[in-house]
Amino acid sequence: MSENIHKMVLLLALSQKLPDETTKDVLNKLENSGAVDRQTGKQLMTELKRQKLYIDDSLTFVGIEQAKKAEQFFKI
Numbered sequence: 001m002s003e004n005i006h007k008m009v010l011l012l013a014l015s016q017k018l019p020d021e022t023t024k025d026v027l028n029k030l031e032n033s034g035a036v037d038r039q040t041g042k043q044l045m046t047e048l049k050r051q052k053l054y055i056d057d058s059l060t061f062v063g064i065e066q067a068k069k070a071e072q073f074f075k076i
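For the sequence shown, the numbering used here gives the first residue as 1, with consecutive numbering after it.
In case anyone wonders, no lab produced these hints; they're calculated from the structure. Check the hints yourself; a few may be wrong.
Said to hold, decoys possible - Cross-link-like lysine-lysine pairs, in silico, DSS-like; alpha carbons within 27 Å at most:
| no. | residue 1 | residue 2 |
| --- | --- | --- |
| 1 | K17 | K49 |
| 2 | K69 | K29 |
| 3 | K17 | K68 |
| 4 | K52 | K69 |
| 5 | K75 | K24 |
| 6 | K7 | K52 |
| 7 | K49 | K68 |
| 8 | K69 | K24 |
| 9 | K29 | K68 |
| 10 | K75 | K17 |
| 11 | K49 | K29 |
| 12 | K52 | K42 |
| 13 | K75 | K29 |
| 14 | K49 | K24 |
| 15 | K68 | K52 |
| 16 | K49 | K69 |
| 17 | K17 | K42 |
| 18 | K52 | K75 |
| 19 | K24 | K7 |
| 20 | K68 | K42 |
| 21 | K68 | K7 |
| 22 | K42 | K29 |
| 23 | K29 | K17 |
| 24 | K7 | K49 |
| 25 | K7 | K69 |
| 26 | K24 | K68 |
| 27 | K42 | K75 |
| 28 | K24 | K52 |
| 29 | K7 | K42 |
As the list claims (entries may be wrong) - Have a look at the derived ranges for each label pair, beta carbon to beta carbon:
| no. | residue 1 | residue 2 | range |
| --- | --- | --- | --- |
| 30 | F61 | G34 | 25 to 33 Å |
| 31 | N28 | K49 | 14 to 22 Å |
| 32 | K29 | E3 | 17 to 25 Å |
| 33 | Q16 | K49 | 14 to 22 Å |
| 34 | R50 | K24 | 14 to 22 Å |
| 35 | N4 | S33 | 14 to 22 Å |
Bear in mind that the values here come from a model prediction, so they are computed numbers and not experimental data. All C-beta atoms, glycine included, are put in the ideal place defined by N, C-alpha and C.
Start from the sequences, fold in the hints, and give me the full structure.
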């Protein structure tokens, strides 16, 4: 379950990434805040890329939809 939560946190963070930020910047922010450690973040990024949710340094349409679901999950 915690991996799923971490994945949702990462998707949400990637969806709110600023244009001048890199994926590494986002992962560093998550690590510094204690939300996701570096190893977990890298594993999740590999998973997101494998699932075609994150391609060419941005979320795909499906990735954006997953990030919106994550946002709704955390609003409740």
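Taking the hints in turn, this is what the structure says about them:
no.: 1; hint: K17 / K49; verdict: holds, 17 Å
no.: 2; hint: K69 / K29; verdict: holds, 21 Å
no.: 3; hint: K17 / K68; verdict: holds, 14 Å
no.: 4; hint: K52 / K69; verdict: holds, 17 Å
no.: 5; hint: K75 / K24; verdict: holds, 26 Å
no.: 6; hint: K7 / K52; verdict: holds, 14 Å
no.: 7; hint: K49 / K68; verdict: holds, 18 Å
no.: 8; hint: K69 / K24; verdict: holds, 23 Å
no.: 9; hint: K29 / K68; verdict: holds, 20 Å
no.: 10; hint: K75 / K17; verdict: holds, 19 Å
no.: 11; hint: K49 / K29; verdict: holds, 20 Å
no.: 12; hint: K52 / K42; verdict: holds, 15 Å
no.: 13; hint: K75 / K29; verdict: holds, 21 Å
no.: 14; hint: K49 / K24; verdict: holds, 14 Å
no.: 15; hint: K68 / K52; verdict: holds, 16 Å
no.: 16; hint: K49 / K69; verdict: holds, 18 Å
no.: 17; hint: K17 / K42; verdict: holds, 17 Å
no.: 18; hint: K52 / K75; verdict: holds, 25 Å
no.: 19; hint: K24 / K7; verdict: holds, 16 Å
no.: 20; hint: K68 / K42; verdict: holds, 21 Å
no.: 21; hint: K68 / K7; verdict: holds, 13 Å
no.: 22; hint: K42 / K29; verdict: holds, 13 Å
no.: 23; hint: K29 / K17; verdict: holds, 11 Å
no.: 24; hint: K7 / K49; verdict: holds, 12 Å
no.: 25; hint: K7 / K69; verdict: holds, 12 Å
no.: 26; hint: K24 / K68; verdict: holds, 21 Å
no.: 27; hint: K42 / K75; verdict: holds, 26 Å
no.: 28; hint: K24 / K52; verdict: holds, 18 Å
no.: 29; hint: K7 / K42; verdict: holds, 11 Å
no.: 30; hint: F61 / G34: 25 to 33 Å; verdict: holds, 31 Å
no.: 31; hint: N28 / K49: 14 to 22 Å; verdict: holds, 18 Å
no.: 32; hint: K29 / E3: 17 to 25 Å; verdict: holds, 19 Å
no.: 33; hint: Q16 / K49: 14 to 22 Å; verdict: holds, 19 Å
no.: 34; hint: R50 / K24: 14 to 22 Å; verdict: holds, 19 Å
no.: 35; hint: N4 / S33: 14 to 22 Å; verdict: holds, 19 Å
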